[in-house]
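Chemist: Given next are the chains, with one letter for each unit.
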Amino acid sequence: MSIWEYMQIYGARLASGTAITCAQFVLAALIAIVVALLAGLGKLSQNWLIRGTSVVYIEIFRGTSLLVQLYWIFFVLPLFGITLPKFVAGFVSVGLNVGSYGAELVRGAIQSVPKGQWEAAYALSMSPAKRMRRIILPQAIGIMLPPWGNLLIELLKGTALVSLISVADLMFQAKQINASTFLSAQSFGIALVIYYILARFFITPFMRRMERAMARRLGKA
Amino acid sequence: MSFNWRWDFTWDILPRLLAATLNTLIAAGAGYAIALVLGLILALAQRTGWRGLTVAVREFVEFIRSTPLVLQIFFVFYVGPQFGIRLSPWTSGMIAIGLHYSAYLSEVYRAGIEAVPKGQWEACRAINMSTRDTYLRIIIPQALPPSIAGMGNYLVGIFKDTPMLSVIGVAELMHTANAIGSESYRFLEPYTLVGVIFLAISLPTAGLIRLFEGWVRRKLGL
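So the protein sequences, as listed, match chains A and B.
Under numbering that gives the first Met the number 0, the first residue of the first sequence carries the number 0, and numbering increases by one thereafter.
Under numbering that gives the first Met the number 0, the first residue of the second sequence carries the number 0, and numbering increases by one thereafter.
Some hints could be false.
So the derived list for chain B, only partly shown, Cβ under 10 Å to chain A, looks like this [unchecked claim]:
#1 Ser65
#2 Phe73
#3 Phe76
#4 Phe158
#5 Phe186
#6 Leu187
#7 Val193
#8 Ala205
Cβ pair distances, simulated, as ranges [unchecked claim]:
#9 B:Ala55 - A:Trp47: 49 to 55 Å
#10 A:Gly188 - B:Thr53: 20 to 26 Å
#11 A:Ala119 - B:Gly220: 38 to 44 Å
#12 B:Ser129 - A:Gly188: 39 to 45 Å
#13 B:Ser181 - A:Arg215: 53 to 59 Å
#14 B:Gly168 - A:Lys114: 52 to 58 Å
#15 A:Val25 - B:Ala55: 31 to 37 Å
#16 A:Ser1 - B:Ala114: 33 to 39 Å
#17 B:Gly51 - A:Met209: 28 to 34 Å
#18 A:Ala14 - B:Trp120: 55 to 61 Å
The hints are simulated quantities; they were obtained by calculation from the structure and are not laboratory data.
The structure presented is a predicted model; accordingly, all values stated were derived computationally and were not measured.
Positions of the beta carbon are idealized from the N, C-alpha and C atoms, including for glycine.
Given these sequences and hints, build the entire structure.
Modeler: Here it is in structure tokens:
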């Protein structure tokens, strides 16, 4: 079967899988960004309880596998009375996992904002919250955007695992088509190319634009 | 709420899980060994000076890095038989995971080599050193210490990615936990223990890598 015939028959299913993958990506990215900010700031907090919670979260999610976390959230959490639909369990797991890596980026970026900026904000008698929001965070975001680009690609790759709890994403569709046709090279090959296109021609350029926009806002370009 | 942790069941399954942990460690070690060597080849291939080769290897590394490992594992495992090459789950798993991480390690090597000051290259040329000696005696010893942190991260990373091998039936930790879960209909203990075992290995390893990095720096007098 030629690749065109293949696409005519299975293209629609691959497209719907791609749409699910994109939805998982966006939702997981939102969770990852929020959680990373909370845990990254939390790790720098003066309050030992907040600091401790952040450190425990970061170490647990960075120290174990995404797949283990996904299975735990999907199969074990219901035993505690929290039952998530598979679609939600998917993006929540991926988001929490990537968020723990992001938290370290947030912390590192905040700590690398030059000391003079902290002192200047203090000298202007800004409140700690205002200093963080107006002075430190915008500069920290400028510093951490490039590594976040890589992290978002890791996140996209992470969403492929949700197929293992049968969320019908791109990976899942490729697996299903392969199981009924045995056309492995086409099924998995096309899926690989679609993931590559998403990463290389959508996420990377988007992050580059964000970096440029941020540099302009910070008056560096 | 049906949450009840059963200790007797925990002690029953622990030996099985620990035996599977050994498989996980072997898989991570073998995959890492492949990745270390292949990564070096990919890094050096980008420095040969042939433009075509550099671009091709660069694109290949980008492709591997931006597509999911689990999909690559399926690809290697299922595409072989279509063309008459049958690979065992272990072999295809090691190929896929080794290849995946070799792309990451090649970037670590590349950054390490590029961080060596230009003057070092020029000095080698000035005293008429061969390319081989330049790399082995001057460049690599200096490129190594800054690379160790990155190499260590990927050692922990490969260890944490071995559960994906369970999808093609490699009998590692996750696969065993799944088997226990479907035999006994109890998921709480096996999955939680898998998480604990992963933490118990990856956290100390990360610490050891930091110590090792300091040791290498001292040894090389940096």
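Chemist: Work down the list of hints and note, for each, if the structure agrees.
Modeler: Quick rundown of the hints versus the structure:
1. Ser65: 4 Å, holds
2. Phe73: OK, holds: B:Phe73 within 10 Å of chain A, min 5 Å.
3. Phe76: 8 Å, holds
4. Phe158: Since chain A brings a Cβ to about 9 Å from B:Phe158, closer than 10 Å, the hint holds.
5. Phe186: The hint holds - B:Phe186 has a Cβ within 10 Å of chain A, the shortest such distance being about 4 Å.
6. Leu187: This hint holds: B:Leu187 lies near chain A, its Cβ roughly 5 Å from the closest one there, short of 10 Å.
7. Val193: 5 Å, holds
8. Ala205: 8 Å, holds
9. B:Ala55 - A:Trp47: 49 to 55 Å: 53 Å, holds
10. A:Gly188 - B:Thr53: 20 to 26 Å: 25 Å, holds
11. A:Ala119 - B:Gly220: 38 to 44 Å: Check passed, 41 Å falls within 38 to 44 Å.
12. B:Ser129 - A:Gly188: 39 to 45 Å: With a Cβ separation near 42 Å, B:Ser129 and A:Gly188 satisfy 39 to 45 Å, so the hint holds.
13. B:Ser181 - A:Arg215: 53 to 59 Å: Holds: the Cβ-Cβ distance is about 55 Å, inside 53 to 59 Å.
14. B:Gly168 - A:Lys114: 52 to 58 Å: 54 Å, holds
15. A:Val25 - B:Ala55: 31 to 37 Å: Distance hint for A:Val25, B:Ala55 holds at roughly 33 Å.
16. A:Ser1 - B:Ala114: 33 to 39 Å: 48 Å, violated
17. B:Gly51 - A:Met209: 28 to 34 Å: 33 Å, holds
18. A:Ala14 - B:Trp120: 55 to 61 Å: This hint is violated: roughly 50 Å between Cβ atoms.
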